[in-house]
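As given, the protein sequences belong to chains A and B, one line each in that order. Under our numbering, the letters of the first sequence match residues 15 to 594, in that order. Under our numbering, the letters of the second sequence match residues 22 to 226, in that order.
There is no bait here: all hints are sound.
FRET-style restraints, in silico, Cβ to Cβ: (1) A:M184 x B:D83: 30 to 40 angstroms; (2) A:M184 x B:E225: 21 to 31 angstroms; (3) B:A171 x A:G546: 40 to 50 angstroms; (4) A:V236 x B:E170: 32 to 42 angstroms; (5) B:D83 x A:A19: 53 to 63 angstroms; (6) B:E170 x A:K515: 31 to 41 angstroms; (7) A:A576 x B:D83: 29 to 39 angstroms; (8) B:P126 x A:P510: 55 to 65 angstroms; (9) B:D83 x A:D59: 56 to 66 angstroms; (10) B:E225 x A:D160: 19 to 29 angstroms.
Partial list, derived from the structure: chain A residues whose beta carbon lies under 7 angstroms from chain B: (11) E153; (12) N194; (13) R196; (14) P198; (15) P243; (16) G268; (17) Y269; (18) L356; (19) E363.
Some chain A residues close to chain B (C-beta under 8 angstroms, calculated; not the full set): (20) F152; (21) C208; (22) V296.
If you're looking for bench data, these hints aren't it; they were derived computationally from the structure. Beta carbons: idealized from backbone N, C-alpha and C, even for Gly.
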Amino acid sequence: MGPQATTELLTILNERFPGAAEPSEYEGLVVAPARLLEVATFLRDEMGYRYLSLVSGVDYPQPTARFPARFEVVYHLFRESGGPLTLHVHADRDDPVVPSVVSIWPAANVHERETWDLMGIRFAGHPNLRRILLWEGFEGHPLRKDWHEVYYEADRKPFESRYPNGQPVMAEERAPLGDNLRYPPGWSPKEWQCLAEEAVYAPLEARPGGNGRRMPTDQVVVNLGPQHPSTHGVLRMVARLDGETIQQLEPVIGYLHRCHEKIGERNTWLANMPYTDRLDYVSSMSNNFGYAIAVEKLLGVEVPERAEYIRVIMAELTRIVRHLISIGSFTSDIGVYLTGMLYALEERELILDLFEMASGSRMMCNYFRFGGVARDLPEGWIPLAKELVYERLPRRIDEMERFTFNEVFRARSVGVGVLPADKAIAYGCTGPLLRASGVPYDVRRAEPYSLYGELDWDVAVAYNGDIHDRFVVRFEEMRQSLRIIRQALERMPEGPVLAGKVQPAVKVPAGEAYGRVEAPLGELGFYLVSDGSANPHRYRIRAPSFANLGVLGELCKGHLIADVVAILASIDITLGEVDR
Amino acid sequence: MTTQDARLPEVPPELRNNVRIGPLDWLSPLYNWSRKRSLWPLFGGLACCAFEMIAAAAARFDQARFGMEIVRPSPRQADLMIVSGTVTKRMAPQIVRLYNQMPEPKYVIAMGACAISGGPFKEGYNVVSGVDKLIPVDVYVPGCPPRPEALYNAFLALHAKWDRERLSQLRWYRKDVADEGIPVPELGPDLVDWRVVAKLQATEE
Ligand code: SF4
Numbered sequence: 015m016g017p018q019a020t021t022e023l024l025t026i027l028n029e030r031f032p033g034a035a036e037p038s039e040y041e042g043l044v045v046a047p048a049r050l051l052e053v054a055t056f057l058r059d060e061m062g063y064r065y066l067s068l069v070s071g072v073d074y075p076q077p078t079a080r081f082p083a084r085f086e087v088v089y090h091l092f093r094e095s096g097g098p099l100t101l102h103v104h105a106d107r108d109d110p111v112v113p114s115v116v117s118i119w120p121a122a123n124v125h126e127r128e129t130w131d132l133m134g135i136r137f138a139g140h141p142n143l144r145r146i147l148l149w150e151g152f153e154g155h156p157l158r159k160d161w162h163e164v165y166y167e168a169d170r171k172p173f174e175s176r177y178p179n180g181q182p183v184m185a186e187e188r189a190p191l192g193d194n195l196r197y198p199p200g201w202s203p204k205e206w207q208c209l210a211e212e213a214v215y216a217p218l219e220a221r222p223g224g225n226g227r228r229m230p231t232d233q234v235v236v237n238l239g240p241q242h243p244s245t246h247g248v249l250r251m252v253a254r255l256d257g258e259t260i261q262q263l264e265p266v267i268g269y270l271h272r273c274h275e276k277i278g279e280r281n282t283w284l285a286n287m288p289y290t291d292r293l294d295y296v297s298s299m300s301n302n303f304g305y306a307i308a309v310e311k312l313l314g315v316e317v318p319e320r321a322e323y324i325r326v327i328m329a330e331l332t333r334i335v336r337h338l339i340s341i342g343s344f345t346s347d348i349g350v351y352l353t354g355m356l357y358a359l360e361e362r363e364l365i366l367d368l369f370e371m372a373s374g375s376r377m378m379c380n381y382f383r384f385g386g387v388a389r390d391l392p393e394g395w396i397p398l399a400k401e402l403v404y405e406r407l408p409r410r411i412d413e414m415e416r417f418t419f420n421e422v423f424r425a426r427s428v429g430v431g432v433l434p435a436d437k438a439i440a441y442g443c444t445g446p447l448l449r450a451s452g453v454p455y456d457v458r459r460a461e462p463y464s465l466y467g468e469l470d471w472d473v474a475v476a477y478n479g480d481i482h483d484r485f486v487v488r489f490e491e492m493r494q495s496l497r498i499i500r501q502a503l504e505r506m507p508e509g510p511v512l513a514g515k516v517q518p519a520v521k522v523p524a525g526e527a528y529g530r531v532e533a534p535l536g537e538l539g540f541y542l543v544s545d546g547s548a549n550p551h552r553y554r555i556r557a558p559s560f561a562n563l564g565v566l567g568e569l570c571k572g573h574l575i576a577d578v579v580a581i582l583a584s585i586d587i588t589l590g591e592v593d594r
Numbered sequence: 022m023t024t025q026d027a028r029l030p031e032v033p034p035e036l037r038n039n040v041r042i043g044p045l046d047w048l049s050p051l052y053n054w055s056r057k058r059s060l061w062p063l064f065g066g067l068a069c070c071a072f073e074m075i076a077a078a079a080a081r082f083d084q085a086r087f088g089m090e091i092v093r094p095s096p097r098q099a100d101l102m103i104v105s106g107t108v109t110k111r112m113a114p115q116i117v118r119l120y121n122q123m124p125e126p127k128y129v130i131a132m133g134a135c136a137i138s139g140g141p142f143k144e145g146y147n148v149v150s151g152v153d154k155l156i157p158v159d160v161y162v163p164g165c166p167p168r169p170e171a172l173y174n175a176f177l178a179l180h181a182k183w184d185r186e187r188l189s190q191l192r193w194y195r196k197d198v199a200d201e202g203i204p205v206p207e208l209g210p211d212l213v214d215w216r217v218v219a220k221l222q223a224t225e226e
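Throw the hints in and build the complete structure from the sequences for me.
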């Protein structure tokens, strides 16, 4: 949203709600906490901002140019097309409380829980404000600027003490316990009780089951994961069952919480690029893309044309890999064991070869730079890519698609886990999950970035919103990706691939930006706040599978326990991104 | 047999030439050879490295050549744990519990920088600095992620390790070492690792 549109909106808001909003320091509006709910309802119902993408907390321990020291809650809202509307709500540093918007956008549920967990901002009126990534009983709220880890050394990297006298110092040598552990002073293990497990089961108290049928039965609580072959990593779910029917299901996450944002706020801007690889680790190139776009918004650099073409080709190849994997893992989850996965991995290897040629690494490519890509394509890359996208992949995709006509596949997927369109939007679902519910929303079309405005392609949509349609969408998307890659390969010009010089420590002008791309799993966004230095002040990731997972409980309700893995596989999550 | 171990049951003199009681070390080569060809890894990936582990199992690299394509989701049937990814504090109790549930003889491969030391995420507040802080590790595979070839090298290193092992030294065969398992850590204000806590209390007293 440009400055002019913001001013117009501010005028409208000031007429309706005098004194409720004012311009913020960089982007969007500041809304008074007491008026937030009215303003939000108005924005959703009358201005069309039906999709809440992200809720973030930002800590400002020092006063900034116009506002005092504070906590800020930032909301990113979207309409059918165009950039974000950014709302800021200020909260007191000693007792931060902000009204919850879950009643307006259910999507806020998981984001607000995360903000409470990591930033310690309470949301008044939230139905279920518990920790989400860390466990109940953890000491402190780690993303606050004054909270330090055991291995804490300095606020900014590179650390100066790394090599005193040329000798490396192990982090363990500096930690008091010789390990990444710390207990509060006076804490005694004898009097302490573990609360973490109880808190997991707390929302699922057992109730009498049987629905009035003759035999009296009890409902049972069942645990799936985190060590389970079908949870795609270390996801855990606790479910309350009546017989075999799911009454309630809660995903329990955080088993792969790697403190991405805390580490990212200490890294230099460029040093975060390899970390983004490890978000959705199957599609590292898309993650690079999102981060590069967000930082380029702040830097204001132009990307050379050849680099744009390379970026698009890489992002679309990544989409094919990711969708292949998701189809392969779905087949193994519904009982084909490894056959489907083997087909998917065979093609994946060929695409990874291309990635390796270009970037030097199979999985963690770290290939994008601010203003281009790290290096040009090597000789022989384009003929190989052409052979793959013109000859081999189309045939393989057709071949794998036959699987969706299979009787067993249809029996397990048609009409299972149906997600209606309005619910999908309300819960902030994106990606194939949303498009399978009949909503043709794709970031590449809604807010075109890079070359997507110029190339010829269609948004894949299906209308039933069940598991089957999610895979129909994925197959169609792979075909569209091939179409995009073919055009890009034909039209790619010669020229430089990186604007300016390679700079290991760029200084980014003060400001905030929200950059987003359509990653294979949905909208991947980066909300960045810069204070003008060589490290981000706030580095916040909007992970598509984290938001999509918020709807899992709803989708599973009323289905059999055996359908849970199928529904989960059709949402398609990557734990690296869910937990970050 | 001339001398007899006092701990073993006594063999009557007329049977001394027929019954062998004592360490079965002469069987070790056979035992090791057969183990090499039927290693059952535990199914379960932790993070990014898991994908290279899956790639190692799939068509191009083909783990079946090592007789280890039978990947077991249950720790009770597995004898190799490949720790493929970042071990977080929240996951630590489960890792230790899984390890305790695996039957002897059991081996652990720490795959990737994260499992070795915490890797790129070492300074994180929820990250364990290497899985060897929790369970004993046999082979370390550097890389982020290690290529499938590197993982194969780790399997070969494990085989080489077995070649030097004798039955009488294995924990399950020895009667003098009690297997009580590793105390499972719990989630408190931080990860409550009972071994660290015990040390801490000892220094306080
Ligand atoms: S070592 Fe690297 S690839 Fe492996 S889990 Fe850690 S971050 Fe991921």
